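Trainee: The whole structure should be built from the sequences, with the hints applied where relevant.
So the chains spell out like this:
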Amino acid sequence: MKLFRLIKKKMVSRKFKRRNRSLGGDIALTVILGLFGIFSLFPLLYTVTSAFKPFSEIFIFPPRLTVDNPTTDNFVDLATIIESFAIPFSRYAFNTLFITGIGTFGTVLLGSMAAFPIAKYKFPGSAFMSNLIVYALMFSASVTAIPNYLIMDSLHLIDSYWAVILPAVGGTLGLYLMKNFMVQVPDEMIEAAKIDGATEFQTYWKVVMPLCKPAWITLIIFSFQQMWGTTGGIFIYSEELKPLSYVLSQLVSGGIARTGVASAVSLVMLVVPVGVFVVSQSNVIETMSTSGIKG
Amino acid sequence: MGKQKTVQGNVSPAMDIAVQQKLAQQKKFSSVWKKHKYKYLMIAPFAFIFLVFTFLPVVISIILSFTSFDMVEAPELTGFANYVKLIVYDPIFLTAVKNTLVFAIITGPISYIMCFLFAWVVNDLPRIPRAIMTLVFYAPSISGNAYLVWKLLFSSDTYGWANAWMVKLGLTNEAILWLQTEGYIMPILIVVQLWLSLGISFLTFIAGLQNMDKSLYEAAAVEGIKNRWQELWYITLPSMKPQLMFGAVMQITSSLSVSQLSIDLVGFPSVNYAGHTILTHLHDFGNIRYELGYACTIAVILFFIMMICNVLVQKLLRKLG
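Protein sequences appear in the order of chains L and D.
If you read the first sequence in this note's numbering, its first letter stands for residue 1, the second for the next number, and so on.
If you read the second sequence in this note's numbering, its first letter stands for residue 1001, the second for the next number, and so on.
Some hints here could point you the wrong way.
Where chain D lies over chain L, by a calculated footprint (3+ residues, C-beta under 8 Å) [to be verified]:
{"hint": "1", "region": "73 to 80"}
{"hint": "2", "region": "137 to 144"}
{"hint": "3", "region": "156 to 164"}
{"hint": "4", "region": "270 to 281"}
Computed list of lysine-lysine pairs in DSS-like fashion (alpha-carbon distance at most 30 Å, straight line) [to be verified]:
{"hint": "5", "chain 1": "D", "residue 1": "Lys1028", "chain 2": "L", "residue 2": "Lys194"}
{"hint": "6", "chain 1": "D", "residue 1": "Lys1226", "chain 2": "D", "residue 2": "Lys1214"}
{"hint": "7", "chain 1": "L", "residue 1": "Lys206", "chain 2": "D", "residue 2": "Lys1315"}
{"hint": "8", "chain 1": "L", "residue 1": "Lys122", "chain 2": "L", "residue 2": "Lys242"}
{"hint": "9", "chain 1": "D", "residue 1": "Lys1214", "chain 2": "L", "residue 2": "Lys120"}
{"hint": "10", "chain 1": "D", "residue 1": "Lys1226", "chain 2": "L", "residue 2": "Lys120"}
{"hint": "11", "chain 1": "L", "residue 1": "Lys194", "chain 2": "D", "residue 2": "Lys1214"}
{"hint": "12", "chain 1": "L", "residue 1": "Lys122", "chain 2": "D", "residue 2": "Lys1037"}
{"hint": "13", "chain 1": "D", "residue 1": "Lys1037", "chain 2": "L", "residue 2": "Lys213"}
{"hint": "14", "chain 1": "D", "residue 1": "Lys1226", "chain 2": "L", "residue 2": "Lys122"}
{"hint": "15", "chain 1": "D", "residue 1": "Lys1315", "chain 2": "L", "residue 2": "Lys120"}
{"hint": "16", "chain 1": "D", "residue 1": "Lys1035", "chain 2": "L", "residue 2": "Lys213"}
Computed footprint of chain D on chain L; a stretch qualifies when at least three of its residues, placed anywhere within it, have a C-beta under 8 Å from a C-beta of chain D [unchecked claim]:
{"hint": "17", "region": "26 to 40"}
{"hint": "18", "region": "190 to 196"}
{"hint": "19", "region": "201 to 212"}
No lab work stands behind these hints: they were computed from the structure.
Nothing here was measured: the structure is a model prediction, and the numbers come from that model.
Ideal Cβ placement from N, Cα and C applies to all residues, glycine included.
Mentor: Structure follows, in structure tokens:
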């Protein structure tokens, strides 16, 4: 089929090696990358080493980036505190996983599905929507929180997972991101799909989404990270519905004696988003190289 | 219409025309629906959630900006009073606007260029180094408050790294109050923001570069493009336009809506309002004084500033390539 050939051709074309590279330029760029890399990595390193510092090293003057006698004491303390909770830790973990999972899934799916018609077709209202999604990004969320609360309240959604999930899914960042990648899908492919008898939805799902994989992987990373950090704020007040980051941030505010535990918490909260980042990013690279072999 | 009637001297044809127009309109609606049904249906789920949880709150906020509302009593309509008060009688707001603009004009373009350059260079690396470097550069954005490390660095006692080093090197013999000295506040905020810049735009640029049709480069090499800079200017930038637009909007919104960074690093209120921004001003009225009507006015003004910036930047980007 013509359509499949076109998709394959596009996938394969990602693999070509690039020319026009000089050694001098390579060295200069590597040095710049390296220097900035050290600065960027600094807080990550600090978070990791602090989590393993014994009490005696936490308050050394001046603070050090290295740890002399690494210990897992901080994690043991953290586990003890967690065990003393009235509500089991697994419940908090579930809350966070549910909110993050559904929120990310909804953002990517609904956002990209709405993005496709706006990006690739002209129809009454498409230009208006195009502008609306950009300007919707510019209104301060700290002001809309109150009206949002009132709306949630009248819909009886306060104190439920949906009070956090729905506003996140209703944001236009994901849609705008997807739209800007989808406009690059060649028109000939969409035409070819139409000739093959595909509906708009099938074209979106089978042609456009595979081609825009780097875009929705980026969106998954970003959306996951946003949802993962949510504390529920004023929208969730029941203790058994609170997400992990709320509970752990409460722990951290326990004063100087909790400094060690606090750094263990930071590390724990960091591990999951970093994991998601690494898995998703390597997934992009993986699929591209295999599609090249098939072609 | 009236003239037509008198010329024809008859009412019924005019009515016929009206009926026909209505019918034609209905026909038009149904044909539009028939033709674009799937498109509207695909947009509908998102549109519904968007209208209720994003659009409606914004509309309510804009209406509230014309009222006096303290969240206890019902809002009371005051017309443009909030706007007049904000622009004419609130000198601290003018300081906030000035600080925000200085901050945005410096950090916006620089982080935008940094995002693109780093993405471009990282994308050229072989597979595994590329994945590692992407993570390294994105690291500051991955945990929400990694920038708090800078608080240790600029801590005002001799425990702070900056002070400790300066004492050691003999540059100073007493601790500098980095985060409490008017002259240092804005530069420190700018440096930290630049350090934080490789966020969503950076990831988007990398994704955009990965999505590029590599055969374009092959063709370009044949056509006589000689070095990477020519390649960047004639091929990469023009074919990255949609991602560049996205990045620009992200930079505008993030550089103009700085607040948490300022509150966490230099405190609220900062010394002599040196770190006061439009959004910290909003935070003051919305979350501390509970004058929500006034807070909404600030949000509307910020919204307009962003819209103007957006129009200017889009115009600039269209000239590219």
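Trainee: For every hint, state whether the structure bears it out.
Mentor: For each hint, the structure was consulted:
1. Given a C-beta distance limit of less than 8 Å, the hint that chain D covers the region 73 to 80 of chain L is violated, as 0 residues qualify and 3 are needed.
2. Closer than 8 Å: that is the beta-carbon criterion, and the region 137 to 144 of chain L has 7 residues meeting it against chain D, so the requirement of 3 holds.
3. Taking a C-beta to C-beta cut-off of 8 Å, the region 156 to 164 of chain L contributes 0 residues in contact with chain D, too few for the three needed, and the coverage statement is violated.
4. Coverage of the region 270 to 281 of chain L by chain D holds in this model, with 6 residues showing a Cβ closer than 8 Å to a Cβ of that chain against a need of three.
5. Using a Cα cut-off of 30 Å, the hinted pair Lys1028/D and Lys194/L holds, with the two alpha carbons roughly 23 Å apart.
6. Restraint check for Lys1226/D and Lys1214/D: satisfied, since their Cα atoms lie roughly 16 Å apart, inside the 30 Å limit.
7. At roughly 35 Å between alpha-carbon atoms, Lys206/L and Lys1315/D are farther apart than 30 Å, so this suggested pair is violated.
8. Pair hint Lys122/L plus Lys242/L does not hold up; C-alpha atoms about 44 Å apart against a cutoff of 30 Å.
9. Using a Cα cut-off of 30 Å, the hinted pair Lys1214/D and Lys120/L holds, with the two alpha carbons roughly 22 Å apart.
10. For the hint pairing Lys1226/D with Lys120/L, the CA-to-CA distance comes to about 34 Å; that exceeds 30 Å, so the pair is violated.
11. In summary, the hint linking Lys194/L to Lys1214/D is supported, as the alpha carbons are separated by about 26 Å, within the 30 Å threshold.
12. Taking the CA atoms of Lys122/L and Lys1037/D, the gap is near 13 Å; set against the 30 Å cutoff, the hint holds.
13. Proximity of Lys1037/D to Lys213/L is assessed by CA-CA distance (about 26 Å); at most 30 Å being required, the pair is judged to hold.
14. For a cut-off of 30 Å, the pair hint linking Lys1226/D to Lys122/L is broken: about 39 Å separates their Cα positions.
15. With a C-alpha separation of about 22 Å, the suggested pairing of Lys1315/D with Lys120/L holds against the 30 Å cut-off.
16. A distance of roughly 29 Å separates the Cα atoms of Lys1035/D and Lys213/L; the hinted pair therefore holds under the 30 Å criterion.
17. Against chain D, the region 26 to 40 of chain L contributes 7 residues with a C-beta closer than 8 Å to a partner C-beta. That satisfies the three-residue criterion, and the hint holds.
18. Closer than 8 Å: that is the beta-carbon criterion, and the region 190 to 196 of chain L has 0 residues meeting it against chain D, so the requirement of 3 is violated.
19. Judged by the Cβ-Cβ criterion of 8 Å, the region 201 to 212 of chain L is covered by chain D as claimed, because 4 of its residues qualify and three suffice.
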